[in-house]
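Modelling step: build the complete structure from the supplied sequences, incorporating the hints.
These are the residues of each chain, in order.
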Amino acid sequence: MTADAGRGSLLVVDDSELNRKLLRNALERQGHSVETAADGVAALSTLRERGAGAFDVVLLDIVMPRLDGFGTLPEMKADRQLRHLPVIVISTLDDLPSIVRCIEMGATDFLPKPFNASLLRARLHTSLADKRLRDLELEYLEQVGRVVAAAGAVEDGTFEEAALDAVARRGDALGQLARTFQRMAREVAKREARLRRQVDQLRIEIDEARQARTVADITGSEYFQQLRDKAQDLRRALNGPSAGP
Amino acid sequence: MGRSTLANFLAMTGDDPRFLAEVIDTFVSDARTQLDTMNQALSAGDVDVLRRAAHTLKSTSQNLGAAALGRVSAEIEVMARSREIDGVAQRLAAADAQLAAATDELLRRRPEGVPSHDRRRWAWVAPRRRRQ
Numbered sequence: 001m002t003a004d005a006g007r008g009s010l011l012v013v014d015d016s017e018l019n020r021k022l023l024r025n026a027l028e029r030q031g032h033s034v035e036t037a038a039d040g041v042a043a044l045s046t047l048r049e050r051g052a053g054a055f056d057v058v059l060l061d062i063v064m065p066r067l068d069g070f071g072t073l074p075e076m077k078a079d080r081q082l083r084h085l086p087v088i089v090i091s092t093l094d095d096l097p098s099i100v101r102c103i104e105m106g107a108t109d110f111l112p113k114p115f116n117a118s119l120l121r122a123r124l125h126t127s128l129a130d131k132r133l134r135d136l137e138l139e140y141l142e143q144v145g146r147v148v149a150a151a152g153a154v155e156d157g158t159f160e161e162a163a164l165d166a167v168a169r170r171g172d173a174l175g176q177l178a179r180t181f182q183r184m185a186r187e188v189a190k191r192e193a194r195l196r197r198q199v200d201q202l203r204i205e206i207d208e209a210r211q212a213r214t215v216a217d218i219t220g221s222e223y224f225q226q227l228r229d230k231a232q233d234l235r236r237a238l239n240g241p242s243a244g245p
Numbered sequence: 246m247g248r249s250t251l252a253n254f255l256a257m258t259g260d261d262p263r264f265l266a267e268v269i270d271t272f273v274s275d276a277r278t279q280l281d282t283m284n285q286a287l288s289a290g291d292v293d294v295l296r297r298a299a300h301t302l303k304s305t306s307q308n309l310g311a312a313a314l315g316r317v318s319a320e321i322e323v324m325a326r327s328r329e330i331d332g333v334a335q336r337l338a339a340a341d342a343q344l345a346a347a348t349d350e351l352l353r354r355r356p357e358g359v360p361s362h363d364r365r366r367w368a369w370v371a372p373r374r375r376r377q
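Residue numbers (my numbering), protein chains in the order written: chain D, 1 to 245; chain A, 246 to 377.
Keep in mind that the hints were calculated from the coordinates and are not lab data. There could be a bad hint or two in this list.
Output of the computed footprint for chain A on chain D, the stretches with three or more beta carbons under 8 angstroms from beta carbons of chain A [stated by the list, open to error]:
id, segment
1, 6-17
2, 21-32
3, 109-116
Simulated DEER-style distance windows between Cβ atoms [claimed, not checked]:
id, chain 1, residue 1, chain 2, residue 2, range
4, D, D94, A, I330, 13 to 21 angstroms
5, D, A153, A, A256, 54 to 62 angstroms
6, A, D261, D, D79, 21 to 29 angstroms
7, A, P356, D, K77, 38 to 46 angstroms
8, A, A256, D, A166, 27 to 35 angstroms
9, D, A129, A, P356, 21 to 29 angstroms
10, A, E357, D, A122, 33 to 41 angstroms
All values derive from a computational prediction rather than experimental measurement. Just so you know, even glycine gets a beta-carbon here, dropped at the ideal spot from N, CA and C.
Right, dumping it as structure tokens:
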């Protein structure tokens with residue numbers, strides 16, 4: 001997928017080598033990057049191998065061997081990864097019922113044969129603009145999901161600020177929400193750290209007071225007094241009568 | 246050949262002589278392949294293959310401005326779709342003559358001195374050029 005709204009990555013599906021060459025040439029001269037497939041089977045294989053994100057629009061012929069346009073469209077629509085990819089059906093104008101059937105099956109537009117470079121440009125521009133809009137909507141929904149998940153992570157104590165970095169870079173209200181969320185989470189984390197330090201400090205003080213009390217209890221006991229008296233007596237006996245009390 | 250369609254086709258090639266030659270060579274050999282496929286499908290009574298090949302030949306002929314060949318291919322496609330193949334043989338003979346005429350005209354327009362990108366194609370195209 002390209003960033004430029006006017007240029008895209010396209011897959012041309014047509015069993016005619018000549019049509020593939022003509023379309024590739026015209027599309028590449030309009031600045032698009034083009035891959036080709038000779039029928040529906042090859043197209044689905046390319047889309048699934050490369051991933052739906054690798055393409056912006058599929059140009060799909062209807063009458064093809066192995067798997068035609070009528071068979072390819074439902075396969076794409078049934079695939080979660082491919083269903084949102086715009087499909088422009090390529091057809092001669094004398095086959096209007098097939099065009100209508102394809103649009104009912106989910107094709108976004110059709111391109112008549114013989115190909116016309118100006119019409120090709122206009123149709124693609126519209127489909128690419130729709131695709132960009134759809135991509136933005138999907139990205140927005142995905143980022144809303146990240147903020148919701150972040151709220152759950154804060155509750156569980158597993159929040160990581162970096163999880164919202166991409167959302168926080170947005171310039172809109174969702175980005176503002178993500179930045180506010182990150183700031184609040186940072187403040188909560190700081191407060192927690194400060195409280196933890198205070199608790200640790202209090203614990204030290206309590207331990208010291210407890211030790212002091214224990215020492216006082218021991219030194220104030222009758223047994224300790226007796227031991228001290230015995231120790232003094234012993235010291236006197238060892239030093240002789242000249243020793244002081 | 247239709248002037249406006251041909252002009253549109255030339256616009257699609259971007260006035261690139263090498264690409265124009267490549268497209269003409271591709272058409273000439275692929276149209277022959279489609280016509281052979283249609284003849285074989287008619288002999289075998291396979292109307293689906295006949296319809297698809299007629300559709301492809303119609304589409305490529307229209308893209309290159311070979312209107313008469315496109316029309317007769319469209320007629321064969323309609324007949325194959327409705328499975329009424331009486332008269333297809335005569336139309337295939339007409340298509341053969343129109344393909345020869347279209348080939349002659351396209352080869353006259355083929356830029357001089359541009360070798361074929363595909364030797365297999367040139368093997369079919371070159372004798373026709375020498376005859377002109």
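Evaluation of the provided hints:
{"no.": "1", "hint": "6-17", "verdict": "holds (count 3)"}
{"no.": "2", "hint": "21-32", "verdict": "holds (count 5)"}
{"no.": "3", "hint": "109-116", "verdict": "holds (count 4)"}
{"no.": "4", "hint": "D:D94 x A:I330: 13 to 21 angstroms", "verdict": "19 angstroms, holds"}
{"no.": "5", "hint": "D:A153 x A:A256: 54 to 62 angstroms", "verdict": "58 angstroms, holds"}
{"no.": "6", "hint": "A:D261 x D:D79: 21 to 29 angstroms", "verdict": "37 angstroms, violated"}
{"no.": "7", "hint": "A:P356 x D:K77: 38 to 46 angstroms", "verdict": "44 angstroms, holds"}
{"no.": "8", "hint": "A:A256 x D:A166: 27 to 35 angstroms", "verdict": "44 angstroms, violated"}
{"no.": "9", "hint": "D:A129 x A:P356: 21 to 29 angstroms", "verdict": "37 angstroms, violated"}
{"no.": "10", "hint": "A:E357 x D:A122: 33 to 41 angstroms", "verdict": "35 angstroms, holds"}
Going through the hint list in order, the structure does not satisfy hints 6, 8, 9.
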